[in-house]
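Participant: Assemble chains C and B onto chain L, guided by the hints.
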Amino acid sequence: MLRALLTVLTLLCLPAAVLAQDLQPLLQENQAQIAKPSRKKVGPVLDALVGSGLPQAQEFLEKWQGKEVYQRQEDGLFFYAVKGDGGLVLTDIDSGETATIDAKAMKQIKPNGGVRKAIGEALVQFQLSSPDLTRRQEAVTALARNLDPAQLGALEASISGETDAALKARKEQLVTYLTARFGDTPETRIAAINTLSGDIRVETRAVLSQILTTKTLSTQSQPDANVAGTLSLPREEAYALLVETQDLPAPLTNDVIRKALEANIEGGKVAGVSAASLNTIAARNTAYDALAASGKAPARVSESDITQALATWTIYEVYEDPDPAVTAAAKAAQDAVNTKVAVSQTADLALDALSLTSIYFLAAIGLAITFGVMGVINMAHGEFIMMGAYTGYVVQLFIPNYTVSLIVALPLAFAVTFAAGVAMERLVIRWLYNRPLETLLATFGVSIALQQLAKNIFGTQARPLTSPGWLDGALVFNDVIQISYIRIAIFVLALLFLALLLFILKRTRLGLETRAVTQNPRMAASMGINPDRIKMLTFGLGSGIAGIAGVAIGLYAKVTSEMGSDYIVQSFMTVVVGGVGNIWGTLAGASMIGTLQKGIEWLNPSNTLAAQTYMILFIILFIQFRPKGIVALKGRAAGD
Amino acid sequence: MTKALSKTFLIRHPSTLWVLASLGLFTLIVSVLSEAAGTGLISTSFVKTLGKTLCLCLIAIAMDVVWGYCGILSLGHFAFFGIGGYAIGMWLMYARTEAIVAQNLSANLIPPTDSEISDAIATQIFGVVGASEFPAIWAFSHSLTLQLLMVLLVPGLLALVFGWLAFRSRVTGVYLSILTQAMTLALALYLFQNDSGLRGNNGLSGLQNIPGFEATSQAVISLAFFWASALALALGYLLFAWVTAGKMGSVIRAIRDDEARVRFLGYQVESYKLFVFTLTAVVSGIAGALYYPQAGIINPAEIAPIASIYLAVWVAIGGRGKLYGAIIGAVFVSLLSSYFTGGSAPDINLGFYVIKWTDWWLVLLGLSFVAVTLLFPGGIASLFDKLARKQ
Amino acid sequence: MSTLLEMSGVSVSFDGFKAINNLSFQIGEPEMRAIIGPNGAGKTTFMDIITGKTRPDEGRVIFGEKSMSLLGMSESQIARAGVGRKFQKPTVFEAQTVRENFALALKNPRSPFDVLLHRKTPAGADRIEALAEQVGLSDQLPRMAGELSHGQKQWLEIGMLLAQDPRLLLVDEPAAGMTPAEREKTTDILVAAAQKHAVVVVEHDMEFVRRLNCKVTVLNEGSVLAEGSLDHVTNNPDVIDVYLGR
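If you read the protein sequences in the order shown, they are chains L, C and B. The opening residue of the first sequence carries number 0 in numbering that gives the first Met the number 0; numbering runs sequentially from there. The opening residue of the second sequence carries number 0 in numbering that gives the first Met the number 0; numbering runs sequentially from there. The opening residue of the third sequence carries number 0 in numbering that gives the first Met the number 0; numbering runs sequentially from there.
The following block holds chain L by itself, in its conformation from the complex (with noise of 0.2 Å):
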C-alpha cells in the first residue's frame, strides 16, 4: 500500500521531467479534443500528433484508437493503462515506466466510431513505413480500399523506403490511381491516367469509371461545364427530370384527376358532368379541365406545354470533372480497356465452354457407346452417373482425407457402375436387342427404381463430395480470366477419358471386336467373336464412366438423388447433336453445345432458364438439317 502511495506520488512529479521531445505537453495542448474527441474536430489534432513527426505519436494513436488511453481526474494528464490487480497499471507515455493506481481517479477515453475511423487513416502514414511488413501491407490493403487524396504525400514519401519489391509496386500503383483522380496539375493526372489504359484491373477500371462521372444537367443556354454529350431520353422521362431539376408543373397522372374529381362530386355531378359518365379517360379530362377553368383545381399540364418545355431546355451530360483534357484522356483510357476487357471476356468464356464442354462430354460419352454400339438407348444413365457420385460420397464416409478417398473413389465408382451395367444388360437390355423403343421404356423404369432406391437410403437432402484442398480455389490469369482448379482437373480427366477410349476402340482386340459387332454382327459371330460378350463388356464400359462422370460432376454440383435426370436429356442431345457411334462426334456435339449455352447465357446472362429454352429450341432446329449429327456416318454403313 505505501510502495502504491509512492508510485502515486512518483507519478504525481511526473510533469516536471518534462523533455523537449515529449508527447504529453502536445498533448495537454489539445486536452479538450483528446479526452473527448468528435469526428469533426479531431482533424486538425491528428494532424498536429502526425506533423510532430514524435516518435511516440504512433503508439499513442494506436492506444487512442484501442481506448486504452486514460486521463487522469485531478490533473488531465494522459497515461497507457490496462486493468491489473488492485486497480489500473499505469504507463506513462513517454518514459514508459509502469505504476498501479486505483481505477476511480481515471477516466478511461472512449472515441466513438467515426474518430477512431480518423484515427486509423492517421495512423495509415505511419503504418506505411513501419518496419513490420505485415503492419505496410495491411495499411496498402486499407488504403486500396478508400482511395483518399490526403495520403498521397506519406504514400509517394514510403516508396523510396520500400524493401519489399511487390508492396513496392503496390504502392506506386496506388500512387498511380491517386494521381490519376486527384492528381495536382491536368498534366500529371493526364500522364497517370495514360500508363492505366489498357489496365484491365477492376481496380482500374474503377479509377477511370470514377474520373468519368457524370451527373445531368439541363439548361436554356450554353453549358458551362465539361460537357459528356447531349442525353436523350423518352418523352416522359426528359419531362420528368425536367419537373425535378427546373420547378416545371408536373404532369397529372390519372389516378390524381380521379381523386380530384371525387373529391368534387355535388349531387353526383362534377363540373356539371354526370359522375357515372366519366369512364373514360378523355370524359375524365374534359370533367376536370371544367373544374380547373371554375379553379377549383390545378390545371393540366398539356402535352403542348411539355413539347415545348422539351424544346427549350436541353439537357447534357456533364462530367464531374471540369477539365475535358483529363476526361478526354480518361475516356481513350477508358475505351482501350473496355476493348481489352472485351478480348479478356471472350477467352474467359471460352474457358467456361471448354470446361461445359468437357462435362456434357463426360456425361455423355459412356452414353453415345452404348447407343452407338449397340443402338440401345439407356434411359438409366443419368442414375448410373448418381450412382458414381453417391460412391464418391460414401467413400468419403469412410475415408476421410479427401485426396485418398477421391482416389479410391474414381475406380470404385468405375466398378461399381460397370456392374450395374452389366447387370442390367443381361437382365433386361439383352432381351430387347432390336426394339429400341422398348429398351428406353425399360430402362426408364430402372432409372425410376433407382432414383426412388437412392432417394429411400440417402434421403432427399443433397450430399457434399468434397473436393481435396489442392483442387480448391482458381488459376487466375488477370481479373476477368480465371478458371476453379476443379474444372480444369475434370477438363484433364474428359482429355484422359478420349485417349484412353480412342486407345480401346483403336488399338485393341476389344475395340476391334466391338466395332465388328457394330459394322456387321453376323458376320462377327461367324468369325468366332462372341457378341454377346462384346455387348456386355461395351455396355459395361460405358455404364463404368457414367461412374466416373458422376464422381467428377460430385466435385462441383450437389449429389442428389434426381441428378441423373438434369444431365440425361443434355447427355442424348450431346449424343444425337454429334452423331452416333463415334467418339469425334461426341466431342463435336459436346463442344457445340457447351459452347452454345455459355454464348446464350452470356447474351442473356440474369436467365438461365431461358437459355436451355433457346439451346433446346436451337437443337431442335439444328436435327432438322442434320438429322445424322455433326459427324455423320454415310451411305450403307449407316445403315438406313
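Source of the hints: derived by calculation from the structure; they are not laboratory data. Bear in mind the structure is a predicted one, so any value in this text is a computation, not a measurement. Check the hints yourself; a few may be wrong.
Derived DSSO-like pairs (lysine-lysine); straight-line CA-CA distance at most 30 Å [said to hold, decoys possible]: (1) L:K627 with B:K17; (2) B:K65 with L:K627; (3) B:K17 with L:K505.
Each pair of labels, with its calculated beta carbon distance range [as the list claims (entries may be wrong)]: (4) L:D531 with B:D237: 45 to 51 Å; (5) C:G211 with L:P233: 37 to 43 Å; (6) B:A94 with C:V127: 47 to 53 Å; (7) C:D113 with L:G267: 20 to 26 Å; (8) C:L234 with B:G8: 56 to 62 Å.
We put the CB at the ideal spot given by N, CA and C, even for glycine.
Facilitator: Relative to the frame of chain L, chains C and B by itself:
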C-alpha cells in the same frame, strides 16, 4: 346415313360398344352415389379424382394412337395436355379476377375506365411475379370462345409445326422420342420463367371456381365436369376407334411396322404421321382443358418430361395397340399411384424394416414396368384377349 | 414401244466407293428386261436410285411421256408416278391380314383424307379376290401375313406389286427360294405384266432369266458391261471374264 354408319361401325367393333357401355354405366353409378345428385357415398373430392382419371384416359388413348398404332413414341404429349390446361386456365383466371375487381371498384365514386379495370386485373394476376401488365399471350383471355379455340389451336399448331419439322427430316425412332422430350423440356423451362407471361412456377390457380357459377356448389360443379369428361372420353374413343379401324388404321399400323415399305407403296408417310400427331395433340389439349378445372391448379411442373414418360408407362402397362388397353392402364396405374402415394396404404412391417409405400411405390412401379416390357409386351389388355380366346 | 425410263450418266459413291459409275440405261413400255451381274455390281443401288431411296451425285433419271425427272421426287411420289418395287427379302406387313396387305397396295388415292374417308367398294374387293387368285392366296385372305410361309410371302409381295398397277415394275430376285413350278408361274405373271408395262427383273438364276426370254443388261462395277440377248451377252468375253468365268 351417319346413324346407320355408326350402328354398323359399333356392331363391327364390339370392343368399342363394350367400352362405351361400361363408361355409361360407370357414369351412372358415380352420379347416383355422388353428393350432388344422389346418396353422397362418393365424396366430391373423389368425384373430382374420377373425373380427372377420365381425362387421363382420354390422353392415354391419344397416346396409344400415336405410339401403339403409329409407332411414334412421343414423350411430349403431356405438353399438349398442359397447353390445353393453360389455355382454359387463362380464361378462368381472367374472368374470375374480373368479377372480383369489378366488385372492388364498384365502391368508387366514379366508374372505372377500361384501362383501370384491366390494370387492376393484371395487378391481381401478375402481382406474384412482380408484373402488372398483361402479356400479349393474354390477348384473348377475356373471351371464353376464343380461349376454347386456343385449347384446340395452340396444341394443334405446335404439333403441326414440330411434327412437320421432325417428320420432314425423317427423324424417327429413339431420335424422335428424344426430340419430343426436348420439346417438352423446352416448354416447361420456358413456363418456369417469371416473365413467361404465365406466372412462372406459381402457375394458374383457383381454376375450380367457374365464373358465372359462384353460387353453385363444388359438388354440382364436380359432377358436371365428371359428365363432361365422360362425354369427351366417349367421343374421343369413338373418334379414335373410327380412325384406327378402317384403311387409315391399316396404313398407320403399316407405317409403325415398316415405314420405308409404305413409302414405296406410294403413301406420303410424313403426312400420315403429321395427321396422327396433330390429331392426338388436339385431343390431348381437350383432355387437359377438362382436367385442370377439376385439379384447380396448373403449374409448369405438370409439363415436365417425366409426366409424358408416365403416360407411356400407362399405355405400356395397359396394352399398346388397343384403345381399351390404354384406358385400363391409365385407370389402373393412376388410381394405384394415388392410393399408394396418398399415404392411405398400410405399411408392411418386416420386423427389421418397415416398408412405407410412399417410399417404395415408385421402386415397385419402375420394376413392374421393366417386368411388363420384358414379359407382357401386350400389357394387361392382352390378358383379356387370352381370356376371350379361351371362351 | 416408247421410252418409259431413261437414266444417263448417273454416278453415286459411298465414302469414296463408286457404287454406280456413269451408268446409262433405257427401258421402253411395254418391255421386259433382265439385269444380271456379280455381287456388288450395283444392282440394288440401281433400283434404289430409281425408287428415290438413294440420290445420285450426278446424272439424270427421266420417266414417262412428260419426261419428268425422278431425282427431285420423294419415294412416295415416285411410287405414285407408277414405279413399283418388289424387294429381295419379302417385306409384307406381318401384323395385318393378307387382305389388308392387298388393300394397302391397291391403286387408290393415297392422301390421308382420301384414306380416312375411304369406303370399301365391291370393285376393290373383286380386284383383291382376282389378285389373290392370280398369286394363289385365295384361301389365305383372312390370315395374318406373318403366319404365311416364306414362299407365300413372296407371292403376296408379287401380288401387292401387281395391285399397285405400276407402269414400271422393279423386281428383285423373284425366284429366290421357289420351287420349279412356282418359278414357272412367276415367269408367266411377269411375262403377262410385260405385255402392257415395263418390267425390270434382277436375277442370279440364269435358267430363270433364259425363260424370261428378253433383253439382258449386264452390270459390273456400277456400269453397263454388255447388253443384248442372253446368248449374246453370255458369249461376250468381258462378261465371261467378270461373271460367268469365275
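Participant: Decide, hint by hint, whether the structure agrees.
Facilitator: Against the structure, the hints come out as follows:
Restraint check for K627 of chain L and K17 of chain B: the C-alpha separation of about 22 Å stays at or below 30 Å, so the hint holds. Annotation: proposed proximity of K65 of chain B to K627 of chain L is violated, straight-line Cα distance about 35 Å (limit 30 Å). With a C-alpha separation of about 26 Å, the suggested pair K17 of chain B and K505 of chain L falls inside the 30 Å cut-off, and the hint holds. Under the hint 45 to 51 Å, the C-beta atoms of D531 of chain L and D237 of chain B, about 46 Å apart, fit the expected range.
At roughly 42 Å, the beta carbons of G211 of chain C and P233 of chain L sit within the given window of 37 to 43 Å. For the pair A94 of chain B and V127 of chain C, the supplied restraint of 47 to 53 Å holds, since their beta-carbon distance comes to about 52 Å. Distance hint for D113 of chain C and G267 of chain L: a CB-CB separation of about 22 Å, consistent with the stated range 20 to 26 Å. Range check, L234 of chain C to G8 of chain B: about 58 Å between beta-carbon atoms, so the 56 to 62 Å window is met.
Hint compliance for this structure: hint 2 alone is broken.
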